[in-house]
Amino acid sequence: MKTLVWVEHDNASVKDATLSVVTAAAQLGEVHLLVAGSGCAAVAEAAKGIAGVGKVHLADDAAYANALAENVAPLIAGLMADHDAFLAPATTTGKNIAPRVAALLDVAQISDILSVEGPKTFTRPIYAGNAIATVESTDAKLVITVRGTAFAKADATGGAGSVEAVAAGADSGLSSFVGSEIAKSERPELTSAKVIVSGGRALKDADTFQATIFPLADKLGAAVGASRAAVDAGYVPNDYQVGQTGKIVAPEVYVAVGISGAIQHLAGMKDSKTIIAINKDEDAPIFQVADLGLVADLFNAVPELTGKL
Amino acid sequence: MKALVCVKRVIDYNVKPRVKSDGTGVDLANVKMSMNPFDEIAVEEAIRLKEKGVVTEIVAVSVGPAKAQETLRTALAMGADRAVLVQVDDGVDVEPLAVAKIIKGVVGEEAPGLIITGKQAIDDDSNQVGQMLAALLGRPQGTFANEVTVEGDSVVVKREIDGGLETVKLALPAVVTTDLRLNEPRYASLPNIMKAKSKPLATKSPADYGVDIAPRLKTLKVAEPAVRSAGIKVADVDALVAKVKELGIA
Numbered sequence: 001m002k003t004l005v006w007v008e009h010d011n012a013s014v015k016d017a018t019l020s021v022v023t024a025a026a027q028l029g030e031v032h033l034l035v036a037g038s039g040c041a042a043v044a045e046a047a048k049g050i051a052g053v054g055k056v057h058l059a060d061d062a063a064y065a066n067a068l069a070e071n072v073a074p075l076i077a078g079l080m081a082d083h084d085a086f087l088a089p090a091t092t093t094g095k096n097i098a099p100r101v102a103a104l105l106d107v108a109q110i111s112d113i114l115s116v117e118g119p120k121t122f123t124r125p126i127y128a129g130n131a132i133a134t135v136e137s138t139d140a141k142l143v144i145t146v147r148g149t150a151f152a153k154a155d156a157t158g159g160a161g162s163v164e165a166v167a168a169g170a171d172s173g174l175s176s177f178v179g180s181e182i183a184k185s186e187r188p189e190l191t192s193a194k195v196i197v198s199g200g201r202a203l204k205d206a207d208t209f210q211a212t213i214f215p216l217a218d219k220l221g222a223a224v225g226a227s228r229a230a231v232d233a234g235y236v237p238n239d240y241q242v243g244q245t246g247k248i249v250a251p252e253v254y255v256a257v258g259i260s261g262a263i264q265h266l267a268g269m270k271d272s273k274t275i276i277a278i279n280k281d282e283d284a285p286i287f288q289v290a291d292l293g294l295v296a297d298l299f300n301a302v303p304e305l306t307g308k309l
Numbered sequence: 001m002k003a004l005v006c007v008k009r010v011i012d013y014n015v016k017p018r019v020k021s022d023g024t025g026v027d028l029a030n031v032k033m034s035m036n037p038f039d040e041i042a043v044e045e046a047i048r049l050k051e052k053g054v055v056t057e058i059v060a061v062s063v064g065p066a067k068a069q070e071t072l073r074t075a076l077a078m079g080a081d082r083a084v085l086v087q088v089d090d091g092v093d094v095e096p097l098a099v100a101k102i103i104k105g106v107v108g109e110e111a112p113g114l115i116i117t118g119k120q121a122i123d124d125d126s127n128q129v130g131q132m133l134a135a136l137l138g139r140p141q142g143t144f145a146n147e148v149t150v151e152g153d154s155v156v157v158k159r160e161i162d163g164g165l166e167t168v169k170l171a172l173p174a175v176v177t178t179d180l181r182l183n184e185p186r187y188a189s190l191p192n193i194m195k196a197k198s199k200p201l202a203t204k205s206p207a208d209y210g211v212d213i214a215p216r217l218k219t220l221k222v223a224e225p226a227v228r229s230a231g232i233k234v235a236d237v238d239a240l241v242a243k244v245k246e247l248g249i250a
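In order, the protein sequence lines correspond to chains H and W. The first sequence begins at 1 in the numbering used here and counts up by one. The second sequence begins at 1 in the numbering used here and counts up by one.
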């Protein structure tokens, strides 16, 4: 089987999310990559070095600069004449593009796979991760998004792929990119961090959140996450949200501070290796999944913990 | 401009789903069902656009069993003007691709300027219908919308993306899928719930739109996720510090 993997990048470097998808694709067959962007030749050069990669298709055109689905999906659908499966990471970019590709090919899409069970059989979470479905595709071609935390990352080096330019299609003219507001952070990226410290509604306000959670995160070299309640209350921007509708994470250690543990939050973090919960309510559902729990007032416990580490 | 909103009847988000012991699916018998939370946000956004004078009529559509009428009545009570139920037999799950094809048929009849759907349904967690619909219609998509502004013959959508926010401008007609922070949906008041009972609700079938709803994916098995082994509670911060140091992260 020939697979085509969407390379997630910022027109300068390959993003980590791509590496997990390569691992999933390699379980299906020959791995080809697609680098679509503008002025992104360096990305293709880096991508061909990923272990296990064969051909890298490079579509370098202004129309692809911001990965607009209206422009990128027809390009991918065209390349699928020569591939059996399209795989993208289940990031906001992948989730935006892949279903559009699937509909153009008239095939079902399989979202957020956790494992490859056979050439056309996969597992995926449903009902906020409260059930795991094993599904088999009956379509001729596969379109799949991959949960990054469920697959090991392929080696970013050691591969010997070759780059081949792909002719760009026309700009659809249906959509245009206006601008973006990307949150700047010195901390590790949430979805690839080894340690995450997350705060919930109990943190009271943005200043208290900063003053309580950030020092602990700094001490642990951790990324900072948040529950929906904390985001809705404006303590942190929404790209900090961990959960069914936010980011799905599976770090080595997840520290949940002042988070009750609603179904929707657990959906985003319950595959973490070790879960530590600090909450003053000893009946909070978070303690049912926590490996280590401390029943205490976080305003005393967290600064004390930060101080003693 | 007419707005079409797509709503789905799903298990209530507060209910913890139970997997059937025979592994065929999730037990939905006698479980509380509600409108998918993202779809409530879609309905609310359409109503707000109507209140601003941008939208003139709101049509709510659902693909589902007869009971999905209740979900459509909820949309009508919130402020939608009319509803269309594309009815399927009880217990039949229609996959996102087939739903998108059916809604394409409804779009053909209604010719809305804006189509608003939730970004994902909390039961199958697919996050596909809006994108597929846009593809089938050959129209642009504004997924994971955080802010929607109609400007003349285009719509400006601020989208929630992994690193922050992104703004795109789409030519109308367009498909927009809602993210959590787009708005806070209103509650239907009792008088509006009563009024909604007399609003028009048409019932159709997938065959009316020439759509085959046979599944493309075979569900071989549905299982409980791995259960985490019980953890321990530590007495104080010192004990926690010791454990954290054992983990080797500090």
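Keep in mind the hints are simulated off the structure, nothing from the lab. Do not take every clue at face value.
[To be verified] Capping the alpha-carbon separation at 27 Å, the derived lysine-lysine pairs in DSS-like fashion look like this:
hint: 1; chain 1: W; residue 1: LYS243; chain 2: H; residue 2: LYS308
hint: 2; chain 1: W; residue 1: LYS221; chain 2: H; residue 2: LYS273
hint: 3; chain 1: H; residue 1: LYS219; chain 2: W; residue 2: LYS233
hint: 4; chain 1: H; residue 1: LYS141; chain 2: W; residue 2: LYS245
hint: 5; chain 1: H; residue 1: LYS120; chain 2: W; residue 2: LYS221
hint: 6; chain 1: H; residue 1: LYS273; chain 2: W; residue 2: LYS2
hint: 7; chain 1: W; residue 1: LYS169; chain 2: H; residue 2: LYS280
hint: 8; chain 1: H; residue 1: LYS194; chain 2: W; residue 2: LYS243
hint: 9; chain 1: W; residue 1: LYS233; chain 2: H; residue 2: LYS194
hint: 10; chain 1: H; residue 1: LYS120; chain 2: W; residue 2: LYS218
hint: 11; chain 1: H; residue 1: LYS184; chain 2: W; residue 2: LYS243
hint: 12; chain 1: H; residue 1: LYS280; chain 2: W; residue 2: LYS233
hint: 13; chain 1: W; residue 1: LYS245; chain 2: H; residue 2: LYS308
hint: 14; chain 1: W; residue 1: LYS218; chain 2: H; residue 2: LYS219
Now the hints, each set against the structure:
1. W:LYS243 / H:LYS308: holds (12 Å)
2. W:LYS221 / H:LYS273: holds (26 Å)
3. H:LYS219 / W:LYS233: Roughly 22 Å between the alpha carbons, so the hint for H:LYS219 and W:LYS233 holds.
4. H:LYS141 / W:LYS245: violated (49 Å)
5. H:LYS120 / W:LYS221: holds (14 Å)
6. H:LYS273 / W:LYS2: Distance of about 49 Å is beyond 27 Å: violated.
7. W:LYS169 / H:LYS280: violated (46 Å)
8. H:LYS194 / W:LYS243: holds (17 Å)
9. W:LYS233 / H:LYS194: holds (23 Å)
10. H:LYS120 / W:LYS218: holds (10 Å)
11. H:LYS184 / W:LYS243: violated (32 Å)
12. H:LYS280 / W:LYS233: Satisfied, since the Cα-Cα distance of roughly 12 Å is no more than 27 Å.
13. W:LYS245 / H:LYS308: Holds, because 10 Å separates the two Cα atoms, which is no more than 27 Å.
14. W:LYS218 / H:LYS219: violated (48 Å)
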